[in-house]
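**Student:** Chain residues, written in single-letter form:
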Amino acid sequence: MSAKDSSYLIAIARQAPTELSKKEVLGFIQTIPTLPPPSNNWFQNFNLNSIIMTTTAIALVTSALIYFSSPTKKLDLEPISPETAVAPDLISDDLAEEPKEAIIKLTTIQFEGLKELVSVETATEIIPIEPLIEPKIPEPENERVKPADRGKSSGDPKPITWSEPETTESEIDLRVSLDENQLRSLKRSLQDYIKEDELNWGKSKLMVIKYTDDGMTINYQTPSEDQKAKYQTLLDSYWIKPGPDRHLILNKNYIMAGDFTEKGFSGSALGWAMEVTMNKKPVTITQDDQTTSSNRVTRSILEIKRLNEPKRTGGYIFQPATPSDAKPKLTRNELRILKRQLLRLLREDNIDQSGISDFSTLWYTADFLKLNNTELKGEMYSRYATVIKSFHIRPAPERRIVINNDFIQVGDYTDKGFDGQALGKHMEIYFIDDPNGKKGLFSKESDTGKSIMEDANDDTILKTMGEFKQSEVNLSKVDRILKSQGDAPPKDGNRFYDSGKEAISIYTKETQSTLIELNGEQLRSLKKELYRELQKDDLIESRREDVRLLFDNSNIVVNDNKLTQQLTFKYQGFLSKYGIQSAEMRKILMCSDFIVVGDFIKGNFQGSLQGSLNSQDIKESVFKQDFEDFPVFGFDKAMKDK
Amino acid sequence: MPANGPYEKIFAKNVTYMDLVRLSVKESLFSIMAKTKQDEFMKAYDACHDRFLRYCSSLAYGKMDVQDLIQDVLVSAYHKFEKIENRDQLLHYLIRAARNRSISIWRKQKPQTELTELHAERLADQGVKPETVLDIQYLYRMLDKLPSKQKDALVLFEINGFSMKEIAEIQGSNEGAIKTKISRGRKKLTALMKDGSSSSVDSLMETLQTITL
Numbered sequence: 001m002s003a004k005d006s007s008y009l010i011a012i013a014r015q016a017p018t019e020l021s022k023k024e025v026l027g028f029i030q031t032i033p034t035l036p037p038p039s040n041n042w043f044q045n046f047n048l049n050s051i052i053m054t055t056t057a058i059a060l061v062t063s064a065l066i067y068f069s070s071p072t073k074k075l076d077l078e079p080i081s082p083e084t085a086v087a088p089d090l091i092s093d094d095l096a097e098e099p100k101e102a103i104i105k106l107t108t109i110q111f112e113g114l115k116e117l118v119s120v121e122t123a124t125e126i127i128p129i130e131p132l133i134e135p136k137i138p139e140p141e142n143e144r145v146k147p148a149d150r151g152k153s154s155g156d157p158k159p160i161t162w163s164e165p166e167t168t169e170s171e172i173d174l175r176v177s178l179d180e181n182q183l184r185s186l187k188r189s190l191q192d193y194i195k196e197d198e199l200n201w202g203k204s205k206l207m208v209i210k211y212t213d214d215g216m217t218i219n220y221q222t223p224s225e226d227q228k229a230k231y232q233t234l235l236d237s238y239w240i241k242p243g244p245d246r247h248l249i250l251n252k253n254y255i256m257a258g259d260f261t262e263k264g265f266s267g268s269a270l271g272w273a274m275e276v277t278m279n280k281k282p283v284t285i286t287q288d289d290q291t292t293s294s295n296r297v298t299r300s301i302l303e304i305k306r307l308n309e310p311k312r313t314g315g316y317i318f319q320p321a322t323p324s325d326a327k328p329k330l331t332r333n334e335l336r337i338l339k340r341q342l343l344r345l346l347r348e349d350n351i352d353q354s355g356i357s358d359f360s361t362l363w364y365t366a367d368f369l370k371l372n373n374t375e376l377k378g379e380m381y382s383r384y385a386t387v388i389k390s391f392h393i394r395p396a397p398e399r400r401i402v403i404n405n406d407f408i409q410v411g412d413y414t415d416k417g418f419d420g421q422a423l424g425k426h427m428e429i430y431f432i433d434d435p436n437g438k439k440g441l442f443s444k445e446s447d448t449g450k451s452i453m454e455d456a457n458d459d460t461i462l463k464t465m466g467e468f469k470q471s472e473v474n475l476s477k478v479d480r481i482l483k484s485q486g487d488a489p490p491k492d493g494n495r496f497y498d499s500g501k502e503a504i505s506i507y508t509k510e511t512q513s514t515l516i517e518l519n520g521e522q523l524r525s526l527k528k529e530l531y532r533e534l535q536k537d538d539l540i541e542s543r544r545e546d547v548r549l550l551f552d553n554s555n556i557v558v559n560d561n562k563l564t565q566q567l568t569f570k571y572q573g574f575l576s577k578y579g580i581q582s583a584e585m586r587k588i589l590m591c592s593d594f595i596v597v598g599d600f601i602k603g604n605f606q607g608s609l610q611g612s613l614n615s616q617d618i619k620e621s622v623f624k625q626d627f628e629d630f631p632v633f634g635f636d637k638a639m640k641d642k
Numbered sequence: 001m002p003a004n005g006p007y008e009k010i011f012a013k014n015v016t017y018m019d020l021v022r023l024s025v026k027e028s029l030f031s032i033m034a035k036t037k038q039d040e041f042m043k044a045y046d047a048c049h050d051r052f053l054r055y056c057s058s059l060a061y062g063k064m065d066v067q068d069l070i071q072d073v074l075v076s077a078y079h080k081f082e083k084i085e086n087r088d089q090l091l092h093y094l095i096r097a098a099r100n101r102s103i104s105i106w107r108k109q110k111p112q113t114e115l116t117e118l119h120a121e122r123l124a125d126q127g128v129k130p131e132t133v134l135d136i137q138y139l140y141r142m143l144d145k146l147p148s149k150q151k152d153a154l155v156l157f158e159i160n161g162f163s164m165k166e167i168a169e170i171q172g173s174n175e176g177a178i179k180t181k182i183s184r185g186r187k188k189l190t191a192l193m194k195d196g197s198s199s200s201v202d203s204l205m206e207t208l209q210t211i212t213l
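Chains as they are written, first to last, in the working numbering: chain H, 1 to 642; chain U, 1 to 213.
Quick caveat, the hints were computed from the structure, so don't treat them as lab data.
Small disclaimer: the values here were computed from a predicted structure and weren't measured.
Don't take each hint at face value.
Stated by the list, open to error - For each label pair, taking beta carbons as the anchor points, the in silico distance ranges come out as:
1) U:E117 with H:S63: 48 to 54 Å
2) H:R543 with U:R184: 33 to 39 Å
3) H:S63 with U:S173: 41 to 47 Å
Ideal Cβ positions, reconstructed from N, Cα and C, are used throughout, including at glycine.
My request is simple: use the sequences and hints to build the entire structure.
**Tutor:** Written as structure tokens, this is what we have:
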């Protein structure tokens, strides 16, 4: 049979009679009324395929559930015999009430954070009963302990590991030895549990968990069996076993887990360095028990005080304390509020903020608080100090708050520069070269003997534009400019500054209207395009080459090569797009690290720059001739120093 | 009186004369109503028969008895006749129902010889010549190799004379898609026929022998 055309076959099929005649079908239709209606039997939807698929899916889900479901843990709840349980009846009657504030007697408060713990008016003491037990753990050797890292303190100080004392195996098992993460998570868990079980100590955030062989108390309250089991399970998961002097003491700033004895703390801790001691003193308490005998019982009082440095008492992990004069760490909102409050005070006191400085300075040390160099006393002192302290700004030798309507700066102003936080716009930092060698920020009430007005022309203003995105590091751009290699003084005269992505503009009051001022984006774009053009015109070999572009009268000189008239015209047009016109002593210096555009005139540089500058590198480059006579961040000195 | 249906409850009671009267009235009404519906349905079906049958034949070819398919569809359509809003759309309803029914009954069954023989017999009873039967069966076999939607569209368009718009309504698609399906179906059918012409000889011979027997 030959292949027939499909259309032919289709035509045949179309015209052929139907398989069943109309009569037959109509005859069937007549019988339909007698037939039952079709049932909606959804069982028809079931076929072997659907059954297999459904069964398989159910089996998989069920087996996964069985496999991954954790077995219920059986808590071994040992019945507590009255002998071993903490005896609440030993606590005196007046202490049987809900503990109020000020449970812990503080001997020394070195910071304001513990203010919540003390309520002088309601100095109710709950004195727990502690049996006097000699510590078993031998005194550890401290000689091999590494000193804490005293570098820049950050929000998350790192733990330091101490050398392990020689102990027996059984004692090793008893030690509390947790790392930073474990301590953090343990603290979090304990806080959540205690809050959940309403075992808080009133409004106090302090939590004291005693975990001895005799039992457990939480904030000197005996937990229920279920609660106890819960805490035991938690502590077991961190390998914290009960011990004769074992306590966990924590609040939002620290956690200490270990043994607190008369000799000190031994265990693991994280956060502020605290000294917690159990001082014993004889106290008479009437025991309300069946024996009806009153005894003079030794009690211990928990004393907590903050330390500047961790005390070496045999702990295993300890956290170096934040120094009391640590620089402030304020959020953006806090800076805003502080500025508002201080400005209000200044307005009330009619403090004149006019003049060259256009700002006020509060100099806040441990010995005085000066406003625009006038020492504040009495009521005025207390008003400003209250506001400052409320933001946890601590006094320090060079701590200042500089404020005006546009900005606020809080930090340390030293000869190295400014180190702190700031918020605002059009921030200007004045550096005054004083013949006495003082540098720094001065208000108009300067004690230098010169008025600011006279120094106006000598002022070099560093200006950076752009928004401060991070509230914690507000002056990062300027900070980097003003600091040299961190806190340490420059080594061998080397100076290093980094403006980051933004540009720094340097000018004086006189020249600010006429100088070249480009922002970071413009400078980076200029650098990129200029490199491209120079390479295209074969004026440089690579885009990593150092480029010195000078404007010499009507010509442009690139790396000591005078350009042709045509190229000069081309680059003049190119640079004019960035607002850079030809001018005497105007230069563009650029390399892979930075770009500097400005005027090198009269021993001064004024212009804009972006990038990182290292005096050592510059000294060894073609740029040495440009920097050695111009005090750009003190590079002139660095060029000359050996 | 049939044992099933709406009469059972009535006969469970003690029947009185009035009940009988009521019953007879009801019965009459019922039968009148049924007759009316039946007539209407038959009248509506009359216009659908050819296209519906040809469609069912191509659908059921080798898979099931077309009679069973038609009866199932018609019973279902009859009982839902009141719900069919547009009685003119009965054909579309029948086509859809037949298609759905075919999907629910079989997936990929191989053509069954008995059914193909039955098909051939029926066509022969209708006076169709044997070679025409062979051609038709060949066509159905080739159509069966097409993807179901292409086959469906091609059958409805080419054999049953539905417009693309109607096919789009039946299949719940759009005209453009139907056009594409038909076009591709045609191309593939042609290709299949070219490829299958040699291999089909044996099967055709087998069918021919069956018919003549």
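**Student:** A separate judgement is required for each hint: does it hold in the structure or not?
**Tutor:** Now for the hints, and whether the structure bears them out:
1. U:E117 with H:S63: 48 to 54 Å: holds (50 Å)
2. H:R543 with U:R184: 33 to 39 Å: Roughly 57 Å apart at Cβ, these two residues miss the hinted range, so it is violated.
3. H:S63 with U:S173: 41 to 47 Å: Holds, since H:S63 and U:S173 (Cβ atoms, about 42 Å apart) stay within the stated range.
Hint 2 from the list above is the single one not met by this structure.
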